[in-house]
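Trainee: Taken in sequence, the protein lines are chains R and F.
All residue numbers for the first sequence refer to my numbering, where the first residue is 1 and numbers rise by one.
All residue numbers for the second sequence refer to my numbering, where the first residue is 1 and numbers rise by one.
Quick caveat, the hints were computed from the structure, so don't treat them as lab data.
All clues stand as given, with none of them false.
No farther apart than 20 Å at their CA atoms in a straight line, the calculated lysine to aspartate or glutamate pairs in the EDC-like style are these:
1. F:K92 x F:E62
2. F:K40 x F:E72
3. R:K40 x F:E50
4. F:K54 x R:E74
5. R:K40 x F:E87
6. R:K92 x R:E32
7. F:K54 x R:E71
8. F:K67 x R:D69
9. R:K40 x R:E87
10. R:K36 x F:E87
11. R:K92 x F:D69
12. R:K54 x F:E71
13. R:K40 x F:D69
14. R:K54 x F:D69
15. R:K67 x F:E32
16. F:K36 x R:E87
17. F:K91 x R:D69
18. F:K40 x R:D69
19. F:K67 x R:E62
20. R:K93 x R:D29
21. R:K93 x R:E62
22. F:K54 x R:E72
23. R:K92 x R:E31
24. F:K67 x R:E32
25. R:K67 x F:D69
26. R:K93 x F:D69
27. R:K67 x F:D58
28. F:K40 x F:E50
29. F:K91 x F:D4
30. F:K36 x F:E50
31. R:K36 x R:E72
32. R:K67 x R:D4
33. F:K60 x R:D69
34. R:K54 x R:D29
35. R:K91 x R:D58
36. R:K60 x R:D29
Covered, in the sense of this in silico footprint (three residues per stretch, anywhere, with C-beta under 8 Å from a C-beta of chain F), are these stretches of chain R:
37. 39-49
38. 62-71
39. 82-93
Idealized CB from N, CA, C, for every residue including glycine.
Okay, here's what each chain looks like letter by letter:
Number of protein chains: 2
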Amino acid sequence: MSSDNSIFVGNKAFMNYVTAVVMQFTTKDAEEVVIKARGKFISRAVDIAEVASKRFLDGKVEVSNIKIDSEEFENKEGKQVRVSTIEITLKKKE
Amino acid sequence: MSSDNSIFVGNKAFMNYVTAVVMQFTTKDAEEVVIKARGKFISRAVDIAEVASKRFLDGKVEVSNIKIDSEEFENKEGKQVRVSTIEITLKKKE
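Bound-form chain R, shown alone:
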């Protein structure tokens, strides 16, 4: 799958992300869309997946896979920090 079908969740307005997901399936005819988030945005990613698949694309799209993982990185103070990540794959129903 091309990375064009990934949506990375951050600080923008909630409906921006929902619209982006819905547009991928409708106007761009994507087979799959992956919603990605880190840290505190994970809850939002789940909300986006739920609202997009159940309110806007009900019966047309379903959650096909969910992965969680951790990333380690160095913060400004040079300290090693761990952050959780999520990837939620939505897939067009047959």
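Put chain F on the given structure of chain R with help from the hints.
Mentor: Below, chain F alone, put in the same frame as chain R:
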């Protein structure tokens, strides 16, 4: 699976939940533990699953299933509200 093996994530200190998960596998010898959360606590549930399985029970336990869903309920003002939920199942490795 008995509901004794479910841990519902809320406002308590982070390490309380991690310890509860680890204890289920170690002192109670559970085969599976389900970490459940709603709304903003979803990010925390993912953190707890990651820290428990990778830092404390590395090589012994893995994420075997993740489910997301929505619940509808009526708030104090009588308005219908939707909240996302997550269930992360950790399983003892063979």
